[in-house]
Each structure stands twice: as C-alpha cells, then as structure tokens.
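Q: Can you build the whole structure from these sequences, using the hints too?
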Amino acid sequence: MNILAWNCRGLARPAEIRTLRALVRDHQPDVVFLAETKMTDAQVKKMLYNLGFPFLVSVPPVNTAGGLCLAWHNGMEIEVTVSNTFLINALVFSSPSSVPWMFTGVYGPPYWQSKTVFLAHLDVIANSFLGPWVCMGDFNCINSQTDKSGGRPFACSSSGGIGELMDTNGLIDPGFSGYRFTWSNRRSGRGQQVARPFKFQAMWTRDESSFLVVEHAWKSYCFGSPAFCLCFRIKASRRALSSWNRDFFGNNKVKIAALKTSIAAVQRAEASVSNLELDSNLQVDLDECLKREESLWRQNSWIQWLGDGDRNTKFFHLSSVIRGRRNSIDLLKGANGQWLSNRSEIGHCFIDYFRDLFSSSNPTFPVDLEGLIPNCISADDNFSLCAIPDYTEIRDVLFQMGSFKAPGPDMSVLFYKHYWHIVKRDMISTVRGFFCRRTCTTLIDLNTLAKIYGKV
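Reminder that position 369 of the sequence shown reads as 369 in the UniProt record's numbering, one-by-one numbering, no gaps.
Incorrect hints may have been included.
[Claimed, not checked] Okay, derived cross-link-like pairs now, DSS-like style, lysine-lysine, Cα gap no bigger than 30 Å in a straight line:
1. Lys-253 <-> Lys-291
2. Lys-291 <-> Lys-199
3. Lys-235 <-> Lys-219
4. Lys-235 <-> Lys-291
5. Lys-255 <-> Lys-291
6. Lys-417 <-> Lys-199
7. Lys-219 <-> Lys-199
8. Lys-417 <-> Lys-291
[What the hints assert, rightly or not] Just the calculated beta-carbon pair ranges, DEER-fashion:
9. Phe-55 <-> Asp-247: 52 to 60 Å
10. His-421 <-> Asp-368: 53 to 61 Å
11. His-421 <-> Cys-222: 15 to 23 Å
12. Phe-228 <-> Ile-322: 36 to 44 Å
13. Leu-276 <-> Phe-223: 55 to 63 Å
14. Thr-81 <-> Asp-167: 23 to 31 Å
15. Ile-373 <-> Phe-435: 23 to 31 Å
16. Gly-347 <-> Arg-323: 17 to 25 Å
Simulated from the structure, these hints should not be mistaken for laboratory data.
Glycine is no exception: its CB is placed at the ideal position from the N, C-alpha and C atoms.
A: Have a look at this one:
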C-alpha cells in the first residue's frame, strides 16, 4: 500500500496541479493526504476525482489558510473518525485486511500557543486505538537544531512537546523525500533570515559590569601586528558581550514588564514600611530600565545602520516618512515674487534658476590660470599634515566623531569612547602603524578605521 502525503501550500496554481499529477503518476499511491489545499471542498473533490480518487474527506480552509484532504481509491475500506482544521484521522481495514490500523494526516498549527493543545489531542487519539499507527504530514514543529536553518537558535520549549509525543507513543521517524526545510521566505542573498549581526548597544554602557566583560576579553592573548591584535580583541569583545547580554543583561522589555507587574502587586498590598521601601526600590529599577530603553531607541534612530540588518521595519518606514516630509519643498518663491505650489512649476523654477546661474555670455579666460589659485599650504603646514599623528590627535579625532556612527559593521564609536582606557593602546598602535607603513592589513575590515584614518 502506497500513501502520498504532501504539503502543497495551495493547489489553485497550475504548477502545483501539474506537480500533483506527476506525483500520482510516478508513485501510484492508494491514499493521498494533502495539507494546505487552500481550496473549497467542491474544487478539491473535482480535482481528486479526475486523478482517480472518487472517495475523499476534506476540511475547508479558514479564509485563505489551511485546508486538508484525505482521498483514496475504489476498493479501499477506510473510516474517517476525526476531522478538523489540523488533522484527519481514519481507521484502515484493508491492506492488510486482517490487521486494522490507524492513519492520521496532520497539518500542525503554526502558532506556539496552539501547538501544546494540538499535540495533546494527538496523544488522546493515539491512546484511543491499540493497533498500529501511522502519522504523516507537516507538524509545524521542530525537534532539534538540525530541523531549522537561520533565525533564532532552537530551544526545547519551542518544540511544543513533539519529542515527548514520539517517545510516549513509540513513534519512529522513517525519514522523508524532498527538500529538508518545508518553509522558506523565498529570499536569497541578504534577504535570507540568518543569524542577526552583532551590534554594540549603547544601553550596555549603563551597566558597570560591562567594563569587566570588555576588560577581560581585551586581555586575550594575541601575537601579531597591531591591526591584527586590534581585530582579534574586537572579535573577542563581541563574543563576550553577546554571552553577557544573553546570560546576565537580559531582555530589557521583559524586565520592564516584570517590574511593572511587581510594582502593581506591591501597591495593591497592605501599606507598610517594608512595602513602601520595596516600591521605592522597584521604581528606581524601572526608571533605569526605561532609560536603557530610551537609549536603545535613540541609537536605532540612526539610519547609518540601516544597511546592516535593521531594514523593512515599521519604525524605519515611519522614520523615512518623517524625514521625507521634513525635507520636502511645498512652496517656492519664483523670480517674479509669486509663490509656487505645483510640483511641476517648482521643478521648472529650479531648472531655470540654475540654468541662468551657470550660463554666461561672451566668456573670457585669463591667460595665467595657475595664478588664480593661491598657494594656501605652507611648508610648515605640509610638514604637519605629513607627520605621524600623536596620542592627543588620535584621541581628539575619535572623541569628535558621533557616538552612534558605525565605522565598522559591529562596534560603534561609542564603544571606543566608553572603554577608551581599555582599548587606547591597540587603537593608537594601529592608527600610527598605518601612517608609518601606509598599508592596512587584510585581516581587519577596511571600513573599521576608515573614518578615523581619514579625519586624522
């Protein structure tokens, strides 16, 4: 007996219909289970009947999502016992006829809150039948890190309990055919969802323990050129800060929500000296978390990081709209003193103005063109410009740069400013080494110190 289970993700498209016909022709299944048909019962029934499956049970989609279908050939003895949005369960009394067995075709809910209820329902179905059980389809669950690619790392809590269901009922995964990952955002290159790039967060500087983290990471042993050591220690700091943020600093939004809940509980309790003191301490902690959140939003408002991953979000779309309205020209005073509001008239006014500005009649050119450009740089100025910058000059240039500017893809200028007493030795050696050798090692991102080099 052959069973075909396929998450078609919509059968209304001609390409999917041709694929289904080819699968039926090549594998000659006796039973077909389809998930995410996204078609009405009448449409599914007509299509499967034309493919040689006169018997079927279908579950219509919810709006344009979901839809299930279980179809079988003439001569198969099948009794459907349960059918709902996420599964179709049936008892099979043929192939072999002597041993009835149970088949469940599933399309699990995509939302985490519903996964536990769905898997608990599957467990009830499994306990209702003592014979063999075959479960096929798309569970929308992952059981290990190998079941996903990109996005956040796998956590046992996100599985919904699929592993426990398999262990409890003795289910065995026989494998599959086709592409390993059933869902993709259908993007390529930078559009793929992979691990988000590291970015130094300004709110980390409000926690004094971050100094110890950076200082310990910066003491990592390294042998090589100053630029190599700087790059090596930046990477070490990046890894250390990531671990510290995950294990110690935590999610600031979660902290704010927890503090608000605690404050509300304390304020509802009976008034006492201890409760008043606890409420005061919680208010101080909440104020600090709100300051950190404000620092985060202020940092994210800088569009310089837009190309490094923070794109296509509501916040940045709104920022672009506000910036566009601020820079728009709604009224322009023309040459005759009349105010223009039409965009076409404003455009022609600009063109006429600059055409008149850069046009000339009967132009004459002096013979001594070189004499028109004065010599502004003296010998002393030239010596100063060619000299290797000292400690004070490098530090002044760095501290004149905007704190939220990003000379590299990870650390902002604020990192070098805030931890200057830790990083200054490697920074100065790298910059001075560049001016001495006039080369930059390929081991370090050329963008990392480009602005510092240029300003110095």
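Q: Name the hints, by number, that the structure is in violation of.
A: Nothing - there is no hint that the structure violates, so all of them hold.
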